[in-house]
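Protein chains: 2
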Amino acid sequence: MNPPAQKPPVLAVVGGGQLARMMAQSAVGLGLPLRLLAEGPDVSAAQVVPDALVGDYRDLDTLRKVTEDCAVVTFDHEHVPTEHLHALAADGVACRPGPEALVHAQDKAVMRARLAGLDVPCPRNAVVSDADEVADFAASAGGFPVVLKTTRGGYDGKGVWVVGSPQECAVPFATAAAAGVRVLAEEKVDFRRELSALVARSPSGQAAAYPVVESVQRNGVCHEVTAPAPDLAEELAVEAQQIALEVAGALDVTGILAVELFETTDGRVLVNELAMRPHNTGHWSMDGAVTGQFENHLRAVLDLPLGSPEARQPWTVMVNILGSDQADVGPLFDGYPHAFARDPRLKVHLYGKDVRPGRKVGHVTAYGDDLDDVRERARHAAAWFRGDLGQESE
Amino acid sequence: MNPPAQKPPVLAVVGGGQLARMMAQSAVGLGLPLRLLAEGPDVSAAQVVPDALVGDYRDLDTLRKVTEDCAVVTFDHEHVPTEHLHALAADGVACRPGPEALVHAQDKAVMRARLAGLDVPCPRNAVVSDADEVADFAASAGGFPVVLKTTRGGYDGKGVWVVGSPQECAVPFATAAAAGVRVLAEEKVDFRRELSALVARSPSGQAAAYPVVESVQRNGVCHEVTAPAPDLAEELAVEAQQIALEVAGALDVTGILAVELFETTDGRVLVNELAMRPHNTGHWSMDGAVTGQFENHLRAVLDLPLGSPEARQPWTVMVNILGSDQADVGPLFDGYPHAFARDPRLKVHLYGKDVRPGRKVGHVTAYGDDLDDVRERARHAAAWFRGDLGQESE
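Same order as they appear, the protein sequences are chains A and B.
Numbering-wise, my numbering puts 46 at position 46 of the first sequence, and it's gapless, one number per residue.
To convert, take the position in the second sequence, counting from 1, and add 1000; that gives my numbering.
Treat the hints with care, as some may be off.
[Said to hold, decoys possible] Lysine to aspartate or glutamate pairs mimicking DMTMM-like chemistry, simulated, CA-CA at most 25 Å apart:
1. B:Lys1007 x B:Asp1091
2. B:Lys1007 x A:Asp51
3. A:Lys65 x A:Asp91
4. A:Lys7 x B:Glu1039
5. A:Lys7 x B:Asp1334
6. B:Lys1007 x A:Asp334
7. B:Lys1007 x A:Asp130
8. B:Lys1065 x A:Asp42
9. A:Lys360 x A:Glu39
10. A:Lys7 x B:Asp1388
11. A:Lys65 x B:Asp1042
12. B:Lys1007 x A:Asp325
13. B:Lys1007 x A:Glu39
14. A:Lys158 x A:Asp130
15. A:Lys65 x B:Asp1051
16. A:Lys7 x B:Asp1042
17. A:Lys7 x B:Asp1354
18. B:Lys1007 x A:Asp354
19. B:Lys1007 x A:Asp388
20. B:Lys1158 x B:Glu1224
21. A:Lys7 x B:Asp1051
22. B:Lys1360 x B:Asp1056
23. B:Lys1065 x A:Asp51
24. A:Lys7 x B:Asp1325
25. A:Lys7 x A:Glu68
[Claimed, not checked] Non-contacting residues of chain A with respect to chain B, defined by C-beta distances greater than 12 Å in every case (computed):
26. Thr62
27. Ala87
28. Lys158
29. Phe173
[Unchecked claim] Covered, in the sense of this in silico footprint (three residues per stretch, anywhere, with C-beta under 8 Å from a C-beta of chain B), are these stretches of chain A:
30. 10-17
31. 254-264
32. 267-279
33. 306-317
34. 332-339
FYI, nobody ran anything at the bench for these hints, they're computed from the structure.
Just so we're clear, the structure is a prediction, and the values are computed from it rather than from any experiment.
Glycine residues also receive a C-beta, built at the ideal position from the N, C-alpha and C atoms.
Input sequences plus hints: build the corresponding full structure.
Shown next as structure tokens:
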């Protein structure tokens, strides 16, 4: 009488950071088994996924081992070599997102060229080979300062420089040369703020667009996100969502695509960066939306119908907990009594990571009807966990 | 400069069922490491907790091993022998809930006596030794039928009989005798419906009361829960919450206490059962309340301030997915495409358990402003996953 034990498909996840950890949390709820490739036995996601292999994602044999008997592989980061993804695809493992899509999140020059072909609005940009070409670019793009970026390998503000003259280009070019990558010059956009448009997209083409959020960066690191972006003109919100949907479709992205944008002071939106994985600017959705980005990422890569991305209340604010550089700050766990006692509606996410200065070790989320109240609650809690309280009053 | 790696306390959890699995899901978010004692390597929670030991919770050495270096132990079920809990407490491990509290969830005669001492309203009841005593009890409590229960070991309708005459008492007494337990007789209450009042309570005495819910049982198994209980008189809701808070305090319960009640046809509430762990009638809170019962259970047993138990929307309906007895039903995972496509706001929780007839293998939750709509969505989805669609139209 009993049906045979029939197990759901095992999803392979490459990379053991907090994004994989939060995917795992959603997978527990959906009853989906994960197999993890982790950088070490104690990294964030390896603490919570029993079926974890420790190894190097740059090694094809390791990737083949972790994806054995898995129909689908997805990623905590965008650093798996493209040629390995092609090899896995040739083995019959569906890479989601696939290598043709992922290259646009790996290589900023490829991304810029593709977005130009799609007529997606971007800052003026050019691949440059030396300081003279930077000067030529500056002359054509409103003058110095200009932004220089390594085409590959940058993240969280690393691999990005703002240069005020050709003389300041030495470090960027040396860095790029040492890494064997090129340099992309971009106009320094006069922007009012940064926005982010997230979509989930499945292999069969269904897509779900989250509300457009405002993100505040500090030193190139996401600091605070407000959902939805306050006072955003309806036509800009729609344009940002349409850009994200168009890019996701044109590039055949599967899973979460985050499109980070500038809202310019003259009322346009320009694409800054693409990320093809759950993204820091989507963490608010875990507590603030009907379907969090991690659940929708899993549903998308497994080609299951997507969940509603709508917000559950008028305002949600997420603030990152960054590791303090103060030596006398106690363990993060010690932040709980005050944070929870002060705000019984607060949601806290800690990633199981050791505190190091500037490291993303968790985030807090508050939601409600009153933006000022929600923002104050989230900022207070994050500052408390960081050990910054009293030093920072915003 | 770097603060030393300072780990949060490890919480030991005894029992590897779905309640432990859902505790683990909350623990991932809070950054809390768990150590699990599981009945087997593949049970529900063992699939998602790397630090799992397989062993027998009736063995004290095993309990000592799993709680080694853990300050606190909590439970997926109420079956750990009381003497072992006292031994762990003597070792310095805080049992939450503790043995003095837990005995009231383990032994129905002890529970009834204690509640009588607290003047908590209960069905009339008496411990009975034979059919003659059942007849005497019936004569004093409105006549047959009466309910007979083994004082220990029953759950989900097992160990409970409704007897219409002294002649029907043989099986209950034989069952109790074989198990070495007593028999409790209770008046068969003329009830309108069943309610459940959940509270979380911490060792320092903070308590949070969830909205009182309506639960529908089938064959003694929880089938559907509506939060809050529709059309419940305010004074009965308050009384139910006060009963739960009073019982939790008087019995020094730590963690979640579920008080299952009858709402009688003459407008009273009477306590039916107590459970001292996250409870099926609280699953709605995972998606429907600001703080789910599993998160609040963890916060309570670790003596952290509790999260708000308030509902996030007017109505939430949870329906269990019970294993089908049809041999041709496919794997649960195959239910996802239709269920998710039909209802993008649906929340599904699958427990990683093989389907067996009548077994709790998952639950679905819907929430919203319109009770009829919410109920229809949840019932449809659960029926679909069960493979019952078309056979059941309610």
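Hint check results:
Between B:Lys1007 and B:Asp1091 the CA atoms are separated by roughly 22 Å; this keeps the pair inside 25 Å, and the hint holds. Distance hint between B:Lys1007 and A:Asp51 is fulfilled; the C-alpha atoms sit about 22 Å from each other, no more than 25 Å. Distance hint between A:Lys65 and A:Asp91 is fulfilled; the C-alpha atoms sit about 12 Å from each other, no more than 25 Å. Distance restraint check for A:Lys7 and B:Glu1039: the Cα-Cα separation of roughly 20 Å lies within the 25 Å cut-off, and the hinted pair is therefore satisfied.
Proposed proximity of A:Lys7 and B:Asp1334 is supported: the alpha carbons are some 10 Å apart, at most 25 Å. At most 25 Å may separate the alpha-carbon atoms for a hinted pair to count; B:Lys1007 and A:Asp334 meet this at roughly 10 Å. Annotation: proposed proximity of B:Lys1007 to A:Asp130 is violated, straight-line Cα distance about 48 Å (limit 25 Å). A distance of roughly 22 Å separates the Cα atoms of B:Lys1065 and A:Asp42; the hinted pair therefore holds under the 25 Å criterion.
The suggested pairing of A:Lys360 with A:Glu39 holds, with an alpha-carbon distance near 17 Å, which does not exceed 25 Å. The straight-line distance between the Cα atoms of A:Lys7 and B:Asp1388 is roughly 20 Å, inside the 25 Å bound, and the hint therefore holds. Between A:Lys65 and B:Asp1042 the CA atoms are separated by roughly 22 Å; this keeps the pair inside 25 Å, and the hint holds. About 18 Å separates the Cα atoms of B:Lys1007 and A:Asp325, which keeps this hinted pair within 25 Å; it holds.
For the suggested pair B:Lys1007 and A:Glu39, the alpha carbons sit about 20 Å apart, so the restraint of at most 25 Å is met. Pair hint A:Lys158 plus A:Asp130 holds up; C-alpha atoms about 20 Å apart against a cutoff of 25 Å. A hinted pair counts as satisfied when its Cα atoms are at most 25 Å apart, and A:Lys65 with B:Asp1051 qualifies at roughly 23 Å. Between A:Lys7 and B:Asp1042 the alpha-carbon distance is near 12 Å, which keeps this suggested pair within the 25 Å criterion.
A C-alpha spacing of about 8 Å is found between A:Lys7 and B:Asp1354, which places the hinted pair at or below 25 Å, so the restraint holds. Taking the CA atoms of B:Lys1007 and A:Asp354, the gap is about 8 Å. The hint holds against a cut of 25 Å. With a C-alpha separation of about 20 Å, the suggested pair B:Lys1007 and A:Asp388 falls inside the 25 Å cut-off, and the hint holds. Annotation: proposed proximity of B:Lys1158 to B:Glu1224 holds, straight-line Cα distance about 19 Å (limit 25 Å).
The suggested pairing of A:Lys7 with B:Asp1051 holds, with an alpha-carbon distance near 22 Å, which does not exceed 25 Å. The suggested pairing of B:Lys1360 with B:Asp1056 holds, with an alpha-carbon distance near 22 Å, which does not exceed 25 Å. Of the pairs offered as hints, the one joining B:Lys1065 and A:Asp51 holds, with about 23 Å between alpha carbons and a cut-off of 25 Å not exceeded. With a C-alpha separation of about 18 Å, the suggested pairing of A:Lys7 with B:Asp1325 holds against the 25 Å cut-off.
Proposed proximity of A:Lys7 and A:Glu68 is supported: the alpha carbons are some 16 Å apart, at most 25 Å. Every CB of chain B is more than 12 Å from the CB of A:Thr62 (nearest about 20 Å), matching its label as outside the interface. Separation of A:Ala87 from chain B is adequate, the least Cβ-Cβ distance of about 28 Å exceeding the 12 Å criterion. At roughly 19 Å, the least C-beta separation between A:Lys158 and chain B is larger than 12 Å, which holds for a residue marked as non-interface.
Residue placement check: A:Phe173 keeps its beta carbon more than 12 Å from all beta carbons of chain B (closest about 31 Å). Residues of the region 10-17 of chain A lying with their CB closer than 8 Å to a CB of chain B number 0, which falls below the three-residue condition for coverage. Residues of the region 254-264 of chain A with a Cβ under 8 Å from some Cβ of chain B number 0, which does not satisfy the need for three, so the listed coverage is violated. Here the region 267-279 of chain A counts 0 residues with a CB under 8 Å from a CB of chain B, which misses the bar of 3, and the coverage is violated.
With a threshold of 8 Å between beta carbons, the proposed coverage of the region 306-317 of chain A by chain B holds, since 5 of its residues qualify and at least three are required. Counting residues of the region 332-339 of chain A whose CB falls under 8 Å from any CB of chain B gives 4; the rule of at least 3 is met.
Violated hints for the displayed structure, listed by number in ascending order: 7, 30, 31, 32.
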